[in-house]
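Chains as they are written, first to last, in our numbering: chain A, 1 to 301; chain B, 1 to 308.
Source of the hints: derived by calculation from the structure; they are not laboratory data.
All C-beta atoms, glycine included, are put in the ideal place defined by N, C-alpha and C.
Possibly wrong hints are sitting among the right ones.
[Said to hold, decoys possible] On the chain A side, residues computed to face chain B include the following (Cβ under 7 Å): (1) Pro88; (2) His157; (3) His198.
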Amino acid sequence: MAKGEIVLGCLAPHPPHVVYAENPEQNEPFSEGGWEALRWGYHRLARKLKGIDYDCIVVLTPHWMTYVGTHFLGLERFQNISVDPIFPNLFRYHHDIQVDVELAEAMHDAAAEAGIITKMMRNPDFRVDYGTIVSCHMLNPEWSKPIVTISSNRSTHYYSNEVMNEQAAALGEAVMKAIEASGKRVVLVASHSLSHRHFVTEAPLPEDMSREHIYNHSQYVWDMKIVQMLREGKTKEVVEILPEMIEQTMAEAEGGGLSWMMAAMGYPDYPAEIYGYQSVIGTGNAIAAWDPNEATREIVL
Amino acid sequence: MSEEPEIVLGFYVPPHPHPLLAPEQNEGWGRLREAFDTCRQRIEETDADLLLIYSTVWPSIVGHQIQAHPKPVFTHVDDDFHFLGSMPYEFRMDSEYAEKFKDSCEARGLHARTVAYDGFPIDTGSVVALKLLNPDNRIPACIVSSNVYSNRAEQIVLGKAARDAMSELGKKVVVVVVASLSNRMFTEHIDPSDDRIHSAKDDEWNRKILEFFDDGRLEDISQLSRDIHGQIRVSKVVAYKPAWWMAATMGQHNNYDGEVLAYEALHGAGGAVIQLTPAKGGVGDKEFDEDDVEYYHGDRSVLDKGML
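Put together the whole structure using the sequences plus the hints.
And the structure:
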């Protein structure tokens, strides 16, 4: 069996607004559009993904928050409606998700072997979080591949951003071992935004783009700093300053997604492909990808 | 319409699913369940016509969300404790009160909205409280979220808005706060028989807070909220808010008969079932360290001003 590999890593923010704006048949509310800079970026990344041969999408989501270890979806199929607890007016999505349980179990076992507290989630009534659904829908609207969802252990809350970084790195290394042993070609997804301070009010028409802007300038400056460093291939440095960024911008990277993915990918030193940046209800959202294949790597924006 | 709302009982209960799903697995969880059952009986003995829940495990961002679906039906599973089982529910909500509460919030400067969507994810704490305290849906209920960015002023005003709505509709109300005391859980899976409060420090603080509750000193606990947050709360949100809201909703004083029905560990966190009954007398000499707030003025554009 050939050694498994990561064929793409994606920073894929999950504001439900982008699915809402797309008006897919799975989502109940209707929109007049909005957030095109993000959506068009997602469209282009989804097209790239179509040209890549892969078996599974593995997503670490901050909206499955666990305090007792790191959990993995452990059943083959989840059919349900996902209603966003924060934006139920925008996201009521009927989903039918296939899970690669074999890979999830392999990742669980590798993480446990590395000393990480783990748990397989086997309850058939469990509702998959909307972060997973939004990121996966935007990357693969046909849902043509199985996924693995990994929960976000909230070590930032319990300990510190630095401890989060270390634990996420250990998880990333364990996940990489499992991928290699599986022989599978895997897309990793860190499902989160950058700066994450929201407005606490909403426009009467949520997609009214005349009302959309970053929450404050310092958030924007931090976001641009991170994007620039990613362009320059400074992923190790980005992970090292994440604790500071999280502290100052309430960055959603606190959930461990980017730290986990960068560790799994061995801290790429090549430029990230940048697909878009836009604020959503004040938060800063960048879509980026890391293509280990130099022949297909490109400068997008 | 009466000037003051008629609040017949107040309860402070834990958000964890263990007393509902696994009371037999640990003696302490069983005692919490018995305390819930006692509260249920006492609620049934009242003529309350509304059960209002404030849940610390229902976070909101866009203002304050108020559950208004007349009959929410779903099967809920906890993110961490999914292995304990599922929680199917069908509740009866007081949509009229929910709308009035929202209007009252807006009248006091708060951003608020009702939610009434099939499949909306009602949080673990609210599901546990409603299934154990009001299993037959005898009393219509309402649930209000806890805004992650809100702090004292906003919570106080939110509580007063809840009172306004009760008064306007002439409701007799049971107030329920869903919150832990200390909220640090063990970060590993444990044998249920090994459960205990995470640390002696958490336990000592919990017991001090319980002394206040037992004396009916709700306003004093409200005034101590910032200290409580600093000492025994994991920094998931900006502040320990439930006592602010509970005091503002039930009445900002210490005139309650308090009773701690149970205090036990829930995977390391401090779980207590507490009853507060409005009373004529009580512990006086309350000390107000911070101003009372009637109207919420928002962030007053301080960020914009900082750019001048």
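Against the structure, the hints come out as follows:
Checking proline 88(A) against chain B by beta carbon gives a least distance of about 5 Å; that is within 7 Å, so the hint holds. Interface restraint check: histidine 157(A) against chain B, minimum CB-CB distance 5 Å, threshold 7 Å, status holds. Among the interface hints, the one on histidine 198(A) holds; its C-beta lies about 5 Å from the nearest C-beta in chain B, closer than the 7 Å criterion.
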